[in-house]
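Enquirer: Residues per chain are reported as follows:
There are 2 protein chains.
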Amino acid sequence: MARIVQKYGGTSVGDIERIKRVAERIKIAHDEGHELVVVVSARSGVTNELIARAKAIHEHPSERELDMLLATGEQETIALTAIALHALAVEAVSYTGAQAGIFTDKAHTKAKIKTINPQPIEHDLQAGRVVIVAGFQGINEDGQITTLGRGGSDLTAIALAAAVRADKCEIYTDVDGVYTADPRVVKDARKLDEISYDEMLELASSGSKVMQSRSVEFAKKYDVMFEVRSSFNHNPGTIVKEEVVYMEQVVVRGVAVDKDQIKVVVGDLPDKPGSAARVFRALADANIIVDMIVQNIGHNGVANLTFTVPLGDSHLAEQALGPVFTELGGGKVTVHNQIAKLSVVGVGMKTHSGVAATLFQTLAEHRINIELISTSEIKISVVIEAARADEAARAAHAAFGLDKL
Amino acid sequence: MARIVQKYGGTSVGDIERIKRVAERIKIAHDEGHELVVVVSARSGVTNELIARAKAIHEHPSERELDMLLATGEQETIALTAIALHALAVEAVSYTGAQAGIFTDKAHTKAKIKTINPQPIEHDLQAGRVVIVAGFQGINEDGQITTLGRGGSDLTAIALAAAVRADKCEIYTDVDGVYTADPRVVKDARKLDEISYDEMLELASSGSKVMQSRSVEFAKKYDVMFEVRSSFNHNPGTIVKEEVVYMEQVVVRGVAVDKDQIKVVVGDLPDKPGSAARVFRALADANIIVDMIVQNIGHNGVANLTFTVPLGDSHLAEQALGPVFTELGGGKVTVHNQIAKLSVVGVGMKTHSGVAATLFQTLAEHRINIELISTSEIKISVVIEAARADEAARAAHAAFGLDKL
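Those protein sequence lines, which keep their order, are chains Z and B.
Using numbering that gives the first Met the number 0, the first residue of the first sequence is number 0, and each one after it goes up by one.
Using numbering that gives the first Met the number 0, the first residue of the second sequence is number 0, and each one after it goes up by one.
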């Protein structure tokens, strides 16, 4: 008998029939004698529908009220999932984020989990009940409903797995696991059986949409092993954990493309000590995630900064930087949309050289121009023209032999 | 400056445009300097839609989970209403029932309000904010979400008006107020400017759908004066309060028809002391509201009981009585659907005789048969054939001169 946290995303609970199928899957694990905590998302589409309603009323709805509104999406799913389990004669009880004791900070729409009180869930588990928890939401110390932002339901699952000391955490989604590349783009992409937290993190931050980085970071921090697998079949998925022992000496584990980034060039910035720090402090204060920074010291006492930010944040970035430019006495923003970030990832890169050379050589052979480069211990990313991204991914996948077992 | 509780029903907040119009109406009162607590229902149709989803999964969904599910309806409306007020530059903040400190007992789907902690609302009112509260819902001492059952949002408004010591409570609905009869049935029906709690109570229990009895009872108990008025125009509505001084010596104030009742005949009941008490105790324990009781002592040691119950509860009533019949050693239930209850109501009846005689005479002239009769100090009700109910209402309305000013 194990204690298992399962998480089902919006597609898996997209309608009544799918909720029933999720309940059947939960029942199988329950009948095997496992203790189950199940995290569910809002039905797919519901969150966007609610946001659309709010925006039909106000261009920039209050974030507190958005959280109040969005939290209803998961609250509906938990109740329906519990009812579906009752229909299968499985004892089950639903919990909102607040009821599950998920306490967050006060950052509405992108709150961070501070603590989880596992007592109420523990009580129901010991009574033999399946506990269904609303993903994506929590409560702050003022009793306000908060939401955790993108990927919040995965985070709820991983954090709960840590809090209730689960033996296993299963993230059910609409893909079979983590692939060496996006199978829609690279035909020969293969599913990985195992991957390390660090590789998963680099893949997530590189546009592999399987999971958000923050959930993987949380899992790494609390050493929560989890499996990403499909809710639509019974195939084994990809296990994500600290140490992965490879049978073969694999250097590159995956290729990822992120088209949801834009390139921001801050020009005419007075070249004073602290200018760049001031810029990135302002972006951080606005909760904007900045990636791939390049600084060029220009002539005439002005500097240029180039970096990438998530697509949706360009407006926020411009807003955040306005006051900084006033304060520094100069600066202007130019935004470039048609870019993509291509990354190759693998822990083997720590001890192998030549990965960068192979990547650059491959892109050169395809006459694909590199606009920005950034590297970490286990990743190399390049910004290239968006229109060439898929071609580049296929070329890199082949160049690193990822199509071969 | 007054402190006002306003309540908007599901039709008034039925879609985005209507929510915006409600916000405009709230803004008018806010701009006049009033402190405002606004209770809103779920958008019309939402609650039924959610129930349908639950029933598509399970014929008898768990009441706890139903409450979890249904509470999302109002939670959506409070957020959207607050956002609509922000769009009009009015400071506003939404509260779930739990956040508004509305504590109930544990009777899921028909919980009773036990206490309200007015502190959080008081705090926001003093800060100049409009407080938007989810109607129909509360929280019990175990932290479980409960709902208050039919008419729950009205009850929330009246209870909040008592808790925050409001000067006024306005119940906005889709009718202009309380009429002498249903204007769709009786063309000459007139809107009443004022009505006493007791008359309103008798009208509510007699099928006038303006408000549920329990809200009026609560208002009477805590002496909360309230006004029933339309959210679609600015006409004054009907004020409901303790003492109504009439300019004219009106005896009957209104005629009501209730078609949502069924007649239940319990036959072959062993005629022992306590048999009837046992029957009605079982019905009360099942939370079934019984009205218009007639007992006939039959021959051969068996008795008959006849009474009316709400249409939806006939199945529950049969269920509740099964064990009683076993215990008493006899009894069977027959249900009669095609009936209606016609009532004439007026505090003047306390000091006037002849009302019953006039009603019976009028029905006799129309050859409408009376199946059951019950009377209170200020009401006479008769059960008649459903098909003749509208005709009977028109006849009674005219007979008591309600069509004349």
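Hints are supplied without guarantee of correctness; some may be wrong.
Copies of the same chain look alike in the list, so a pair counts if it works inside one copy or between any two.
Calculated pairs, BS3-like style, for lysine-lysine (alpha carbon to alpha carbon, straight line, at most 25 Å) [claimed, not checked]:
#1 111 <-> 240
#2 331 <-> 111
#3 167 <-> 219
#4 186 <-> 220
Hint data in this document are derived by calculation from the structure and do not stem from the laboratory.
Enquirer: Does each hint hold? Answer for all of them.
Expert: Structure-based check of each hint:
Taking CA atoms no more than 25 Å apart as the test, residue 111 paired with residue 240 passes inside one copy only; the shortest distance there is 22 Å, against 50 Å between copies. For the homomeric pair residue 331 and residue 111, neither the shortest alpha-carbon distance inside one copy (32 Å) nor that between copies (61 Å) is at most 25 Å. For a Cα distance limit of 25 Å, the shortest separation of residue 167 from residue 219 inside one copy, 14 Å, qualifies, whereas the shortest one across copies, 57 Å, does not. In the homo-oligomer, the alpha carbons of residue 186 and residue 220 never lie at most 25 Å apart, since the shortest distance is 34 Å inside one protomer and 73 Å across protomers.
Of the hints listed earlier, those the structure fails to meet are numbers 2 and 4, in rising order.
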